[in-house]
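Student: Please build the complex by placing chain B on the supplied structure of chain A, with the hints as guidance.
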Amino acid sequence: EAEVAQSPRYKITEKSQAVAFWCDPISGHATLYWYRQILGQGPELLVQFQDESVVDDSQLPKDRFSAERLKGVDSTLKIQPAELGDSAMYLCASSLGTSGKETQYFGPGTRLLVL
Amino acid sequence: SQELEQSPQSLIVQEGKNLTINCTSSKTLYGLYWYKQKYGEGLIFLMMLQKGGEEKSHEKITAKLDEKKQQSSLHITASQPSHAGIYLCGAGASHGSGNTGKLIFGQGTTLQVKP
Numbered sequence: 001e002a003e004v005a006q007s008p009r010y011k012i013t014e015k016s017q018a019v020a021f022w023c024d025p026i027s028g029h030a031t032l033y034w035y036r037q038i039l040g041q042g043p044e045l046l047v048q049f050q051d052e053s054v055v056d057d058s059q060l061p062k063d064r065f066s067a068e069r070l071k072g073v074d075s076t077l078k079i080q081p082a083e084l085g086d087s088a089m090y091l092c093a094s095s096l097g098t099s100g101k102e103t104q105y106f107g108p109g110t111r112l113l114v115l
Numbered sequence: 001s002q003e004l005e006q007s008p009q010s011l012i013v014q015e016g017k018n019l020t021i022n023c024t025s026s027k028t029l030y031g032l033y034w035y036k037q038k039y040g041e042g043l044i045f046l047m048m049l050q051k052g053g054e055e056k057s058h059e060k061i062t063a064k065l066d067e068k069k070q071q072s073s074l075h076i077t078a079s080q081p082s083h084a085g086i087y088l089c090g091a092g093a094s095h096g097s098g099n100t101g102k103l104i105f106g107q108g109t110t111l112q113v114k115p
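Which chain is which? The protein sequence lines are A and B, in order.
Residues in the first sequence are numbered consecutively from 1, following my numbering.
Residues in the second sequence are numbered consecutively from 1, following my numbering.
Isolated chain A (complex conformation) (with noise of 0.2 Å):
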């Protein structure tokens, strides 16, 4: 069964230092996005991509966090600098489209522990 990849699964930083996440969509999923999830609370939008072109990043903290999806398929998520309110789980999901009849489906997450 085709499944969403993320790499890696956890990481610890120090505070100030660069992280990048790492997502491979179901193929031949047009749409992906990424979430955050803060322990407690349900996920949240940060980017939306449809094939390489950002449909939504109004929730991007631009001036740290940075997205990608050169060709389309893979995506990476950046944060520069980390700062303890990064601390989250980072979800990447994946759709056929946009018309919001499709399923989102999620991969494994990324836990983030900012020290």
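Honestly, the hints are just simulated from the structure, not real lab data.
One or more of the hints may lead you astray.
[Stated by the list, open to error] The list that follows gives simulated cross-link-like pairs (lysine-lysine, DSSO-like), each with its CA atoms no further than 30 Å apart:
| id | chain 1 | residue 1 | chain 2 | residue 2 |
| --- | --- | --- | --- | --- |
| 1 | B | Lys68 | B | Lys51 |
| 2 | B | Lys64 | A | Lys101 |
| 3 | B | Lys68 | A | Lys101 |
| 4 | B | Lys56 | A | Lys101 |
| 5 | A | Lys11 | B | Lys36 |
| 6 | A | Lys11 | B | Lys38 |
| 7 | B | Lys60 | A | Lys101 |
| 8 | A | Lys15 | B | Lys64 |
| 9 | B | Lys51 | A | Lys101 |
| 10 | B | Lys38 | A | Lys15 |
| 11 | A | Lys78 | B | Lys17 |
| 12 | A | Lys101 | B | Lys27 |
| 13 | B | Lys17 | B | Lys51 |
| 14 | B | Lys36 | B | Lys60 |
| 15 | B | Lys27 | A | Lys78 |
| 16 | B | Lys36 | B | Lys17 |
| 17 | B | Lys114 | A | Lys101 |
[Unchecked claim] A short, non-exhaustive set of chain A residues, derived as facing chain B with CB atoms under 10 Å:
| id | residue |
| --- | --- |
| 18 | Gln6 |
| 19 | Trp22 |
| 20 | Tyr35 |
| 21 | Gly97 |
| 22 | Thr103 |
Even glycine gets a Cβ: it sits at the ideal position worked out from N, Cα and C.
Tutor: Showing chain B alone in chain A's frame:
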């Protein structure tokens, strides 16, 4: 902006008992998703509801979307320890001129099932 409120926030039940989790929206729902999450892991898709009055079942889990499309319920019959986890409802959110497929989530309901 649309908000989803889940109740209860947490639930402890004896194995074999039935239970219901509710998800209430501040606006009309267009596509309501139920996911399950085990601690520290990604979200697993359970069901999607779109039409008012729609009801779907998978094994011992049944989800309904009410006629007015502002509330959904998730019912588990004869709960088992394998049902334990965090249940999240998610709904399509509009952005700008249309629905981009972005989901907003409730805060989650944590379920424990005692053997």
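Student: State for each hint whether it applies.
Tutor: Hints and how they fare:
1. B:Lys68 - B:Lys51: Distance of about 10 Å is within 30 Å: holds.
2. B:Lys64 - A:Lys101: Cα-Cα ~17 Å, so holds.
3. B:Lys68 - A:Lys101: 19 Å, holds
4. B:Lys56 - A:Lys101: 16 Å, holds
5. A:Lys11 - B:Lys36: 23 Å, holds
6. A:Lys11 - B:Lys38: 19 Å, holds
7. B:Lys60 - A:Lys101: Answer holds: Lys60 (chain B) to Lys101 (chain A) is near 24 Å, not above 30 Å.
8. A:Lys15 - B:Lys64: 45 Å, violated
9. B:Lys51 - A:Lys101: 11 Å, holds
10. B:Lys38 - A:Lys15: Within the cut-off at roughly 28 Å; holds.
11. A:Lys78 - B:Lys17: 45 Å, violated
12. A:Lys101 - B:Lys27: 18 Å, holds
13. B:Lys17 - B:Lys51: Distance of about 29 Å is within 30 Å: holds.
14. B:Lys36 - B:Lys60: Roughly 14 Å between the alpha carbons, so the hint for Lys36 (chain B) and Lys60 (chain B) holds.
15. B:Lys27 - A:Lys78: Not OK: Lys27 (chain B) and Lys78 (chain A) at ~34 Å, beyond 30 Å, violated.
16. B:Lys36 - B:Lys17: Judged against 30 Å, a Cα distance of about 19 Å means the pair holds.
17. B:Lys114 - A:Lys101: 36 Å, violated
18. Gln6: 8 Å, holds
19. Trp22: 15 Å, violated
20. Tyr35: 8 Å, holds
21. Gly97: For Gly97 (chain A), the interface hint holds, since the closest Cβ of chain B sits about 7 Å away, which is under 10 Å.
22. Thr103: 6 Å, holds
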